[in-house]
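Protein chains: 4
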Amino acid sequence: MFIMNTLKIFVISLNRPFTFTEQMTSREEKASKMFSCSERERALFEAGIKMGTIYHQFVGTPVSPHNVAELEQAIERSVKVQPFVESVKVRIVIRNTEKKDTYDYVSLTGEMIDTIVKISMKGVTVTAEMRYIEELDYPLMYVSDISS
Amino acid sequence: MFIMNTLKIFVISLNRPFTFTEQMTSREEKASKMFSCSERERALFEAGIKMGTIYHQFVGTPVSPHNVAELEQAIERSVKVQPFVESVKVRIVIRNTEKKDTYDYVSLTGEMIDTIVKISMKGVTVTAEMRYIEELDYPLMYVSDISS
Amino acid sequence: MFIMNTLKIFVISLNRPFTFTEQMTSREEKASKMFSCSERERALFEAGIKMGTIYHQFVGTPVSPHNVAELEQAIERSVKVQPFVESVKVRIVIRNTEKKDTYDYVSLTGEMIDTIVKISMKGVTVTAEMRYIEELDYPLMYVSDISS
Amino acid sequence: MFIMNTLKIFVISLNRPFTFTEQMTSREEKASKMFSCSERERALFEAGIKMGTIYHQFVGTPVSPHNVAELEQAIERSVKVQPFVESVKVRIVIRNTEKKDTYDYVSLTGEMIDTIVKISMKGVTVTAEMRYIEELDYPLMYVSDISS
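Chains as they are written, first to last, in our numbering: chain A, 35 to 182; chain B, 35 to 182; chain C, 35 to 182; chain D, 35 to 182.
Where hints are given, some of them may not hold.
Since the list can't tell identical chains apart, any single copy or any two copies may satisfy a pair.
[Claimed, not checked] Subject to a maximum C-alpha distance of 27 Å in a straight line, what follows is the list of computed BS3-like cross-link-like pairs (lysine-lysine):
#	residue 1	residue 2
1	Lys123	Lys64
2	Lys123	Lys67
3	Lys64	Lys152
Keep in mind the hints are simulated off the structure, nothing from the lab.
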């Protein structure tokens, strides 16, 4: 069995060059086998990962009205290169916007982040959102929609 | 008017002998209403958040055999204070362990992280894992078990 | 007593038509007094801070040829809002650039960062650089020039 | 030629074991040549790097009274593995310490960090500190002492 598999890989290697699609299938097929859940459930897990990524990668970044647009775009684009992200919209809400002196920038906090991420995989689309909820005094990450 | 508002807040404060339990129910109840999915699906989303947190908060941290145990424990404990985490185990695999000179530490990368997180909420337990999968050449985050 | 304090704050607020310049002088003057070193020495300290910021804020960010330009710009702009930064140039060197499948992005590492930051304060300009030095197998941060 | 070089490396290998000191000199000697400043000035730069590291690596980490001691220690130890750090003391000041419900942890902010780092290299010791200065409403990093 082991030899058969090795042979198969060998034969596949001879048949190269790999097309892009073929490789994608290959890695995603292997990854997919690691999951003990449905595709729909996996899409929810992936949505959660992206929320954690946005928060914990970028909280702490120096931000002021002078760089807020670039930072929003950079966060969107860096999430977009991750697997299964259909779309991502990030808005950073700076409460104190007046540039009064050289110390008047802030470090990005979770409370300032307002984001919507759509994960799409194998026919399922999950919409997840994060924003500061005043009633909770907490920047909540939540699932706002699933469609399949 | 300003004074009136201050007085109102003052009076409200006097009226509030909140118990801990009451507040917990209150916030979690409110949060719960934001979700457009089942409890089981939410548990998967929460598991994803924790995976993204571990990766993106700590990748980059200076690590060597001298601080690896403390860092593992600190990551575990910081994930543990987040909602719905039943247990978390982190192991950091440093390939080159020889402390040869002052520059011989590394920055934590995703490839070095090996972790198992259990999320438990309202009767559902999700087990998520992250580790470097050589076949994929990728530190994969995946769902290894769901039970309810 | 509570109301009295509130009133005092209110009165103080009325007394303050702070100009921007005044505040700037004021904060920087106060900050400046905390330093037990020369202006030239402080400029070196500030240069070091910016290097640590670039490295530890952004290492871990998902990056591929699709978002590398935006990420470089966002890092530059976020460092630029910090005090005393005259200029900052960031280049991210991705070794494996072929987008073959959905997993083919990388997490930013220190080895990929190439940067030059100029700190300018009170007549002193410090130029600091960071890049991977093959001979050292280490992303070195160093001072390449001081002029005053 | 290739064989000659290989042989040379082989012979050098036989001559090992390298002592720690020997290797340290080697890499540190090479690194040292990249700097266009005095040792004293380099020590200030290194102190700044460590301040930026502490702030931007760890801001965002979930923290509550349940994990604050472990996090303080992990930050200290991870800074300690970096070059030229003689000592580092980190204290995290959580203002709201009451664990009332599952959402009652916070994300580490710069305002919560209180730290003293001593950099020691080639006869110079720089002491740098970071803490929230109320008068500035800013977590200031500053040089509190240099001795040589």
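Checked hints:
Taking identical chains as interchangeable, the C-alpha atoms of Lys123 and Lys64 lie at most 27 Å apart only when they sit on different chains, with a minimum of 24 Å there against 30 Å within one chain. Taking the shortest Cα distances, Lys123 and Lys67 sit within 27 Å of each other only across copies (23 Å), while inside one copy they are farther apart (30 Å). Both within a single protomer and between protomers do Lys64 and Lys152 lie at most 27 Å apart by alpha-carbon distance, with minima of 23 Å and 23 Å respectively.
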